[in-house]
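Novice: Sequence:
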Amino acid sequence: RSEVLVLRKFFFLITALLLLAGPALGYDVLLVQSSRNAAYEEIAHGFRISCAKDSRFVVLSDYGKVDVFRIVREDRPRLVVAIGDEALSSLKHVRQTPILAVMTLGVRAANTRANVTGVDLFVAPENFLPVLQSLNAKRVGMIYSAAKTGWYVKRAIAAARQVDVEIVPREVRDPRDTVQALESLTGKVDALWMVPDTTAMVRETLPAYFNFSLQQKAPVVSFTAVHLGQGAAAAVDIDRSALGRQAGQMAMKLLNGVNPDALPVEQPQAFSVKINPVVLQNLGIPIPPRYISSSTHY
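The working numbering puts the sequence shown at residues 553 to 850.
These are computed hints drawn from the structure, not numbers from a lab.
Backbone N, C-alpha and C fix where the C-beta goes; we use that ideal spot for every residue, glycine too.
There could be a bad hint or two in this list.
Said to hold, decoys possible - Heads up, simulated EDC-like pairs for lysine to aspartate or glutamate below, C-alpha to C-alpha not over 20 Å straight-line:
| # | residue 1 | residue 2 |
| --- | --- | --- |
| 1 | K805 | E818 |
| 2 | K605 | D619 |
| 3 | K605 | D637 |
| 4 | K644 | D789 |
| 5 | K740 | E756 |
| 6 | K644 | E626 |
| 7 | K769 | E718 |
| 8 | K826 | D789 |
| 9 | K700 | D716 |
| 10 | K617 | D637 |
| 11 | K769 | D791 |
| 12 | K740 | D791 |
| 13 | K690 | D726 |
As the list claims (entries may be wrong) - Label-pair distances were calculated between CB atoms; the ranges are:
| # | residue 1 | residue 2 | range |
| --- | --- | --- | --- |
| 14 | A666 | S613 | 25 to 33 Å |
| 15 | A604 | K740 | 45 to 53 Å |
| 16 | E756 | A710 | 43 to 51 Å |
| 17 | R691 | R622 | 48 to 56 Å |
| 18 | R755 | A814 | 37 to 45 Å |
| 19 | S824 | E718 | 24 to 32 Å |
| 20 | S641 | A604 | 51 to 59 Å |
| 21 | S824 | R713 | 20 to 28 Å |
| 22 | G702 | R588 | 32 to 40 Å |
| 23 | V610 | L807 | 14 to 22 Å |
| 24 | K740 | S613 | 39 to 47 Å |
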């Protein structure tokens with residue numbers, strides 16, 4: 553009987569030690585990805601290059617429903633990385649663990665939480681202006697929602713003023729206002745600058761931008777090369793792999809003890825300018841010599 557008691561005590565001791573050691577045996581990074589999107593995959597690959605830490609990988613679209621908050625609570629990773637807006641949304645109840653958001657439009661809104669930082673989708677306005685100038689754009693229309701991209705448009709206006717380019721802004725509060733906003737720019741602009749704004753630009757209103765471009769002979773400069781095949785003349789396209797590496801560098805700082813609220817949301821550092829020569833030809837605009845090598849046919 554005494555031997556049984558000793559074994560029981562030994563068993564309970566081992567169990568207690570394992571429970572205490574549980575959190576210490578956890579991994580460093582929980583990667584939460586919205587879906588198996590090619591752009592997200594590039595970002596995840598780039599992230600792992602610059603942040604080669606122990607990690608767990610969860611793709612939300614692989615499951616009917618997944619409780620990410622429970623995973624964080626039970627696994628206790630030191631850092632959670634959200635790739636895509638759905639991934640970030642799934643972490644809305646996580647308040648203690650640091651969160652690094654990448655390829656999301658919502659990171660600046662979520663940044664009001666002390667545990668959230670990341671890299672957004674907005675290439676600095678100063679990097680769009682040389683493209684617009686090369687297309688001889690003097691008056692540039694921007695359609696936006698003040699709540700989502702007002703901060704960016706203000707920066708764009710200030711930057712454009714420095715190089716004698718006039719931004720003609722049109723605020724919308726509902727996607728249904730976009731067509732009317734475009735019509736109000738008739739005869740008033742010689743280019744359109746598209747921003748990643750989910751109010752000003754939705755799938756249903758995209759054709760209106762490119763129809764306006766053809767009718768007004770005003771090139772559209774977009775934030776993604778995806779639009780080149782739909783009618784945009786040029787795009788300042790983010791390098792997804794580099795975006796992942798940039799996020800990985802921020803992750804290393806967080807893992808080394810820097811608080812998220814001490815790391816401001818960053819803008820993408822690596823990008824390329826891509827041109828659709830067919831669209832430019834249809835608009836009667838010569839291909840800028842500096843961008844000939846980046847021309848792509850669609």
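Novice: Next, verify each hint and record whether it holds.
Specialist: Hints, verified against the model:
1. K805 with E818: Holds, because 13 Å separates the two Cα atoms, which is no more than 20 Å.
2. K605 with D619: Violated, at about 23 Å.
3. K605 with D637: Violated, at about 23 Å.
4. K644 with D789: violated (29 Å)
5. K740 with E756: It is violated: about 24 Å lies between the C-alpha atoms, which goes past 20 Å.
6. K644 with E626: Answer holds: K644 to E626 is near 16 Å, not above 20 Å.
7. K769 with E718: holds (18 Å)
8. K826 with D789: holds (7 Å)
9. K700 with D716: violated (26 Å)
10. K617 with D637: holds (16 Å)
11. K769 with D791: violated (29 Å)
12. K740 with D791: violated (33 Å)
13. K690 with D726: violated (28 Å)
14. A666 with S613: 25 to 33 Å: Since the Cβ atoms of A666 and S613 sit about 29 Å apart, the hinted range of 25 to 33 Å holds.
15. A604 with K740: 45 to 53 Å: Given a distance of about 52 Å, which is inside 45 to 53 Å, the answer is holds.
16. E756 with A710: 43 to 51 Å: Because 31 Å falls outside the window, the suggested range is violated.
17. R691 with R622: 48 to 56 Å: At 53 Å between Cβs, range holds.
18. R755 with A814: 37 to 45 Å: holds (38 Å)
19. S824 with E718: 24 to 32 Å: For E718 against S824, whose Cβ atoms are near 26 Å apart, the range 24 to 32 Å holds.
20. S641 with A604: 51 to 59 Å: Between S641 and A604, where Cβ atoms are some 27 Å apart, the hint is violated.
21. S824 with R713: 20 to 28 Å: holds (26 Å)
22. G702 with R588: 32 to 40 Å: 33 Å Cβ-Cβ, so the 32 to 40 Å window holds.
23. V610 with L807: 14 to 22 Å: holds (19 Å)
24. K740 with S613: 39 to 47 Å: Between K740 and S613, where Cβ atoms are some 42 Å apart, the hint holds.
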